[in-house]
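Visitor: Here are the chains, one letter per residue:
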Amino acid sequence: MYVKRGSYEGLLCRKAPGREPAMRKKGLKMEEIRFVAAIGAVGGGIHAESLDEAMAQEPHFIAADAGTTDAGPYSLGSGKSAFPREMIKQDLALMLRAGKQAGIPILVGSAGTAGGDAHVDWTLDIAREVARENDLTLRTAVIYSEQDKAYLKTLLRENRIRALEPAPHVDEAVIDRSVRVVGMMGVEPLQRALEGGADFVLAGRCSDSALYAALPILRGFPAGLAWHAGKVSECGTMAAETMGKGVIFGRIRRDHFIIRPFGPGLRCTPQSVAAHTLYENADPYLHRESSGTLDLSKSSFEAVDDVSVRVSGSALIPSDAYSVKLEGAELVGYQSIIVGGIRDAFLIKRLDSWLAGVRERIESGIAKIFGDTLSKSQYHLQFHIYGRDAVMGRLEPDQKSVPKEVGLVLEATAPTQEIATTMALVSRQPLLHHPVPEWKGAITTFACLHNPAHIDRGPVYRFNFHHVALPHSQEEMFRTEFINIGNPVYETSAAL
Amino acid sequence: MKLAQLSSLIRSKNAGPFMLTFDIMFPDEQSYLRVKRSGVLNAAAFANLYRCRPEAVRFFECDNALAFKFSLPREIFQGDLGDGDLHGGQQFMPLVDIEVP
Numbered sequence: 000m001y002v003k004r005g006s007y008e009g010l011l012c013r014k015a016p017g018r019e020p021a022m023r024k025k026g027l028k029m030e031e032i033r034f035v036a037a038i039g040a041v042g043g044g045i046h047a048e049s050l051d052e053a054m055a056q057e058p059h060f061i062a063a064d065a066g067t068t069d070a071g072p073y074s075l076g077s078g079k080s081a082f083p084r085e086m087i088k089q090d091l092a093l094m095l096r097a098g099k100q101a102g103i104p105i106l107v108g109s110a111g112t113a114g115g116d117a118h119v120d121w122t123l124d125i126a127r128e129v130a131r132e133n134d135l136t137l138r139t140a141v142i143y144s145e146q147d148k149a150y151l152k153t154l155l156r157e158n159r160i161r162a163l164e165p166a167p168h169v170d171e172a173v174i175d176r177s178v179r180v181v182g183m184m185g186v187e188p189l190q191r192a193l194e195g196g197a198d199f200v201l202a203g204r205c206s207d208s209a210l211y212a213a214l215p216i217l218r219g220f221p222a223g224l225a226w227h228a229g230k231v232s233e234c235g236t237m238a239a240e241t242m243g244k245g246v247i248f249g250r251i252r253r254d255h256f257i258i259r260p261f262g263p264g265l266r267c268t269p270q271s272v273a274a275h276t277l278y279e280n281a282d283p284y285l286h287r288e289s290s291g292t293l294d295l296s297k298s299s300f301e302a303v304d305d306v307s308v309r310v311s312g313s314a315l316i317p318s319d320a321y322s323v324k325l326e327g328a329e330l331v332g333y334q335s336i337i338v339g340g341i342r343d344a345f346l347i348k349r350l351d352s353w354l355a356g357v358r359e360r361i362e363s364g365i366a367k368i369f370g371d372t373l374s375k376s377q378y379h380l381q382f383h384i385y386g387r388d389a390v391m392g393r394l395e396p397d398q399k400s401v402p403k404e405v406g407l408v409l410e411a412t413a414p415t416q417e418i419a420t421t422m423a424l425v426s427r428q429p430l431l432h433h434p435v436p437e438w439k440g441a442i443t444t445f446a447c448l449h450n451p452a453h454i455d456r457g458p459v460y461r462f463n464f465h466h467v468a469l470p471h472s473q474e475e476m477f478r479t480e481f482i483n484i485g486n487p488v489y490e491t492s493a494a495l
Numbered sequence: 000m001k002l003a004q005l006s007s008l009i010r011s012k013n014a015g016p017f018m019l020t021f022d023i024m025f026p027d028e029q030s031y032l033r034v035k036r037s038g039v040l041n042a043a044a045f046a047n048l049y050r051c052r053p054e055a056v057r058f059f060e061c062d063n064a065l066a067f068k069f070s071l072p073r074e075i076f077q078g079d080l081g082d083g084d085l086h087g088g089q090q091f092m093p094l095v096d097i098e099v100p
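Top to bottom, those sequences are chains D and Y. In this text, residue positions in the first sequence follow numbering that gives the first Met the number 0: the first is 0, and each later residue adds one. In this text, residue positions in the second sequence follow numbering that gives the first Met the number 0: the first is 0, and each later residue adds one.
The hints are simulated quantities; they were obtained by calculation from the structure and are not laboratory data. Just so you know, these numbers come straight off a predicted model, no measurement behind them. Glycine residues also receive a C-beta, built at the ideal position from the N, C-alpha and C atoms. Any given hint might turn out to be false.
Sample of chain D residues facing chain Y (criterion: CB under 10 Å; computed from the structure) [what the hints assert, rightly or not]:
1. D69
2. P269
3. E326
4. G386
5. A389
6. L394
7. L469
8. P470
9. Q473
Cross-link-like lysine-lysine pairs, in silico, BS3-like; alpha carbons within 25 Å at most [unchecked claim]:
10. D:K399 to Y:K35
11. D:K375 to D:K403
12. D:K99 to D:K88
13. Y:K1 to Y:K35
14. D:K348 to D:K399
15. D:K297 to Y:K35
Pulled out of the complex, with its shape left as it was, chain Y reads as follows (with noise of 0.2 Å):
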């Protein structure tokens, strides 16, 4: 099943102008531990499809939330040249994809 069939929530955003953050949420404890057993979300799988370092990467498993969180560095920081989302909200889309066994 793809990960946005399981999760209620999946948004990236600014976490101040340097920092992107991406949540995952879900509607029940359920699809969220089914997610978090399968182990497919790791600072691995996201390094690879955000192209960055794992190192880069910050991942947390938020049980009392029932979500998860990746968070990186800007390449490019808010709004400097280049930037072509300044509120970071248009970044989630390689994770909607992600299929859980």
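Bound conformation, chain D alone (with noise of 0.2 Å):
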């Protein structure tokens, strides 16, 4: 019988019985829990050798986060992925058929880069497709993390959102602009849904160290040490002494964990395990979650042999609060760029200087097309000068030196496409011939890259959140549905 996937799905799987996780059926009293992070970004492209190799250790779990702020706002804010999707695709099956062959769950989380409800359909669909073409049968977990902006403003006026430092300003108008707000789960949804039965949660917005802490904790590990296993192993094999081609291998114990790598020729040391938290980290010792605060300042690193490192003493603080973490982004507006290049060493003696006549030539170019409909504070105007100061702006050290050739990029942004486009048209003769005084005559002096000189960039984001919410309890800023994914007999018949 042919059912339409999207309903019966939605009405029967999701009240199929829980079944328990094999582990469990095998009634064996656990004295390690042993995992596999797959990869440190799904899309990444999963070794497969070493996650064989790593399979033969007869991991309970395997993990791997799908999702970073890293990226930049785009990916929250357009909806879009900032892997390629063939590329989680072939991860995706590496991971689906080892967990279900070794029948073992799967845990992905912040799925699409950016973990908004949006980002999360787009990776079940891959997954089903994967699902079904390499016919397994998954019961999955969804679990939604995108925030409803009338519940964003009541935990506002409770005064149940609290920024972080340093934070943007926050307030009704801020949350009705923002395009997206998702909160980052803690282990909490990721533990029900394996209570659930799930042999793949697929998570929205999720701290990536939970992934790995989740079920060791449910199965009554210590928190600190489920929780730091779990950092060091989320970005993969960069807690590795170099990073390589392969996958990072836990077992957790009642007083240690053991971390090692499996892939040709990589090692993890004591130094290369405590060196791996202080990555993308602005402290090294506290990191919050949900639930409270992991302390490493205890934590100790030994090596057991020339791979594998024992790590103990490390810490979860609990909080008197749980808390979730806010990412939002809003809409900037829509830009246009022009790349090009300038070598005229006289106009590069006195760039800045040519340069703000070149942007006052352009502002008085837009204000005669637009008039009183566009004032000089709904639009913006940048330069980024490669070979300069580009990259440290500000805070670049050598001021001083004159570059032989600069790179030129003029960013116009605006509230819509059309009119930054028309900014960068309006752009580029005052770019191509506004005087340099020691020549006469007509001059040409901005070396354009492309034809047509502009290209439009479309939206622009940002970050408008750097805030947790304190929500009432800790289910109500998620939402899991179990379905059944696959080959859509078993589906069928699974489900009746």
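Reconstruct the complex from the two isolated chains, following the hints.
Guide: What follows is the structure in structure tokens.
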């Protein structure tokens, strides 16, 4: 019988009875819990041979996160992934096949880079394709973490949204103009999904370490060790001495955990594991999570063998209030850019005053076209001067050297793409022909890289939350749906 | 001797969209301790190089990782208009030439 997927999944599979995870069925008293961190980011290209090697060690779960803010605000704002679909599909196929074959759960968090509902659904669609093509049937827990604006306003009014340092200002207008706000889940929603018998947990925005801490904590292993093991593993082989192709394998025990890589030439050393918690963290010792603060100030690191490190002493200090980190993005505007270069030594010597003249001509051109309908505060014109200080800006220590050649990127940002494009078109002539006093006669001052000279970039976004929410309950910010994915025949029979 | 000659890695990176963090790492305990004992790395020296208030700088000496860490708030948040380094990875050069006695 053919049933339209969307309907039966929602209606029937959600109520399917929860199955006990494999390890419980076996009735083993667990002395250790083992896991594989398949990769630092789903879509990065899992090393299949290393995954096979790690699977031979009989892990209890496989995990990998698929998201980051490091790619910038565009993913959260646009609803799109920063990784290509095909790469994500390949990685999901490796993880789902390996997990299903071993009968262990697979956890993927921060789906589609930013973990919004659109990102989760997009990733779910890929997972469905993988399941169907590989004849896998997977009881899947889909956890959504996008936040309703009315709900956020309620939290704000109740003083349940607290700024982190440094934070942009947040008020109801900011909430209204956000394109998307997500809450970063901790272990709790993942644990509920695992308890519900999920083969595959697909989560929206999620603490990367929580993917690794959820099941160990559920099975009674110390939270501090579980979270720290997750923190070390979540970037994949970055915790090894030299990053390379491979996976990370962890064993969490009652009073320590052991971490090692599988992959050609890879090794973890006490220093490499200790140093990993520095990476992309403002504080190397204290890491705030929903349920508490991971304290690594008393962690110790010892070599077990050439490639493995034993870690102990890590603790989770429970927090008084359960908190959920918020990430939001709002539209800045639409952008067009012009890329080119300048080689004229006379011009480069007086670059700032020349650019001031160019800017004046562009602004007067814009004023002529748009008149009162576009004020200067509604658009933004910016020059990035490569070869001088485009990368460091005000912090550039060498303000004296005169470069031989500079690259110039003009950014025009406006409320609509049409205006931004017009601004770029208006900018071309001043860039090409603004006078340089040393030269008489007609001159061309700017080497355009492209024809047309401008590139329309579309919408640009900014992050607009650096806050935590203090919800009324641990559950209210996350919504879980259980569905079966896979071969339609199996799905249907399993559901009915 | 310059800091770059003693260290194995000097790097900068986003620590989330609102902070920058800098790590200075060493190949051996001897080099790390030489820099640590010299006292040239501290919040005030960093604030001077990065033109910010010393109170805004967080400084860590991480003995077990043989590393120093500085963190400071971003002047322009990641990806906002004017940000020229989306990942924050190219902000470390002022640290490279620090003279270590």
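Visitor: Checked against the structure, which of the hints given earlier come out wrong?
Guide: Going through the list in order, the structure violates hints 4, 7, 8, 9, 10 and 11 and respects the others.
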